[in-house]
Amino acid sequence: MFKLMYDVMKLAKENHSSVCLRSSNSFYPRKSTCTACLNQVHFKRKNNGNVRDYDCKNMIYYYCGRYSLKHAGEIFTLLEQISSKLPDNPRIFSVGCGPCTDLFGFEAYYRKYKPESMIEYRGLEKSKLWNEVHRFIIQHGKNYNLARVEVTYMDAISKFNEIEDIMSCEKPNIISFQYVLSDMAKYHDVAFVKRFAENFVVKAFEILPKSTIIIFNDTNVTQQYALRNPEEVKGREILAYLARKFWGNSNISVLKYYFPYNSDSTLCFGVAHSKCEIDMKSVPEDLKNYFEMWNQYRSAQLVLVKNADC
Numbered sequence: 001m002f003k004l005m006y007d008v009m010k011l012a013k014e015n016h017s018s019v020c021l022r023s024s025n026s027f028y029p030r031k032s033t034c035t036a037c038l039n040q041v042h043f044k045r046k047n048n049g050n051v052r053d054y055d056c057k058n059m060i061y062y063y064c065g066r067y068s069l070k071h072a073g074e075i076f077t078l079l080e081q082i083s084s085k086l087p088d089n090p091r092i093f094s095v096g097c098g099p100c101t102d103l104f105g106f107e108a109y110y111r112k113y114k115p116e117s118m119i120e121y122r123g124l125e126k127s128k129l130w131n132e133v134h135r136f137i138i139q140h141g142k143n144y145n146l147a148r149v150e151v152t153y154m155d156a157i158s159k160f161n162e163i164e165d166i167m168s169c170e171k172p173n174i175i176s177f178q179y180v181l182s183d184m185a186k187y188h189d190v191a192f193v194k195r196f197a198e199n200f201v202v203k204a205f206e207i208l209p210k211s212t213i214i215i216f217n218d219t220n221v222t223q224q225y226a227l228r229n230p231e232e233v234k235g236r237e238i239l240a241y242l243a244r245k246f247w248g249n250s251n252i253s254v255l256k257y258y259f260p261y262n263s264d265s266t267l268c269f270g271v272a273h274s275k276c277e278i279d280m281k282s283v284p285e286d287l288k289n290y291f292e293m294w295n296q297y298r299s300a301q302l303v304l305v306k307n308a309d310c
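Numbered continuously in the numbering used here, the sequence shown closes out at residue 310.
Take these hints with a grain of salt, some might be off.
Claimed, not checked - Have a look at the derived ranges for each label pair, beta carbon to beta carbon: (1) A36 to S84: 37 to 45 Å; (2) M118 to L227: 42 to 50 Å; (3) D88 to A308: 17 to 25 Å; (4) N131 to M280: 27 to 35 Å; (5) A226 to W294: 13 to 21 Å; (6) M154 to D55: 12 to 20 Å; (7) K112 to M280: 16 to 24 Å; (8) K46 to N131: 23 to 31 Å; (9) S84 to N48: 42 to 50 Å; (10) S18 to M280: 20 to 28 Å; (11) W247 to S84: 15 to 23 Å; (12) K203 to T35: 34 to 42 Å; (13) N289 to W247: 43 to 51 Å; (14) N48 to K142: 42 to 50 Å.
The hints are simulated quantities; they were obtained by calculation from the structure and are not laboratory data. Since the model is a prediction, treat every value here as computed from it, not as a measurement. By construction, the Cβ of each residue, glycine as well, lies at the ideal position given by its N, Cα and C atoms.
Please model the complete structure; the sequences and the hints are all you need to start from.
Below, the structure written as structure tokens:
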């Protein structure tokens with residue numbers, strides 16, 4: 001099903017080194033431990049309380065193999081839920097696109113349900129470490145019904161005026177935030193990230209026409225986990241703030257979804273998806289054996305749809 005995604009994962013496997021790049025020039029090269037390094041990026045407590053960013057090409061490739069199936073599948077499942085609201089020819093603007101896992105989900109959905117559609121995709125990414133992945137997608141896009149793929153390297157927070165210009169010029173009909181807000185909150189106060197996201201929605205719906213969709217897909221954990229790890233920002237906390245802010249606005253539809261990956265009721269966020277287990281049967285064996293992949297969908301999701309001029 002995920003043709004584009006599997007091709008990117010194969011690229012990642014071919015380029016990933018089994019030797020840690022940080023030790024490759026030493027007398028004692030070490031085995032690659034990308035899973036541990038990714039955990040340090042995602043959780044400060046696993047990096048002595050310090051913030052770490054994606055800072056290694058090897059880590060980038062391993063990320064593609066470890067997380068793409070989970071993140072793309074979460075988007076695909078959401079698109080099935082909101083199918084009646086989706087445009088025939090999506091013009092996607094992805095803020096903080098990373099390896100474009102949201103695009104993998106869109107490509108799979110449209111190929112299955114609307115195979116005549118053509119997808120346009122503009123990614124916004126602060127790190128050029130992802131550029132080999134982006135280059136592959138751009139060069140081979142026509143093989144996957146991608147009419148246009150472009151990636152702009154800039155920081156969304158500091159270059160907001162330029163983002164407004166992109167929206168005014170390209171008129172995206174879908175905006176995607178794929179695990180972005182919780183990542184921003186590692187570097188900025190949570191209240192600041194909430195205001196940024198709220199202002200983004202207001203400005204986007206001010207610029208863009210009726211039926212524009214904004215999708216947020218982010219982290220969701222139990223209350224027990226949150227109490228054990230109070231320093232970790234929970235994506236759902238930011239999504240819940242946005243849902244409350246726009247709930248009373250008759251010009252905006254607010255839709256909430258989540259994956260009930262265990263029975264804990266504190267995961268609840270709107271409508272529960274019917275399945276959380278990832279179908280691993282279609283995953284190529286060489287990829288399955290190489291990467292430590294997630295086997296569950298776990299996110300919380302917020303969809304905002306512009307019904308009329310705000």
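Hint check results:
Range check, A36 to S84: about 43 Å between beta-carbon atoms, so the 37 to 45 Å window is met. The hinted window of 42 to 50 Å between M118 and L227 holds, with their beta carbons roughly 47 Å apart. Hint check: D88 to A308, Cβ distance near 21 Å, so the stated range 17 to 25 Å holds. Separation of N131 from M280 is about 29 Å and conforms to the stated range, judged on CB atoms against 27 to 35 Å.
Distance hint check: the CB atoms of A226 and W294 are about 20 Å apart, consistent with the given range 13 to 21 Å. Hint check: M154 to D55, Cβ distance near 18 Å, so the stated range 12 to 20 Å holds. Look at K112 against M280: about 19 Å separates their beta carbons, and that is inside 16 to 24 Å. As the Cβ distance of K46 to N131 is approximately 27 Å, the hint placing it in 23 to 31 Å holds.
Checked against the given bound of 42 to 50 Å, the beta carbons of S84 and N48, roughly 48 Å apart, stay inside it. Hint check: S18 to M280, Cβ distance near 23 Å, so the stated range 20 to 28 Å holds. The hint said 15 to 23 Å for the Cβ distance between W247 and S84, and at roughly 21 Å that hint holds. Distance hint check: the CB atoms of K203 and T35 are about 38 Å apart, consistent with the given range 34 to 42 Å.
Here the CB-CB span from N289 to W247 is close to 46 Å, well matched to the stated 43 to 51 Å. About 46 Å separates the C-beta atoms of N48 and K142, a value consistent with the hinted range of 42 to 50 Å.
Violated hints: none; the structure is consistent with every hint.
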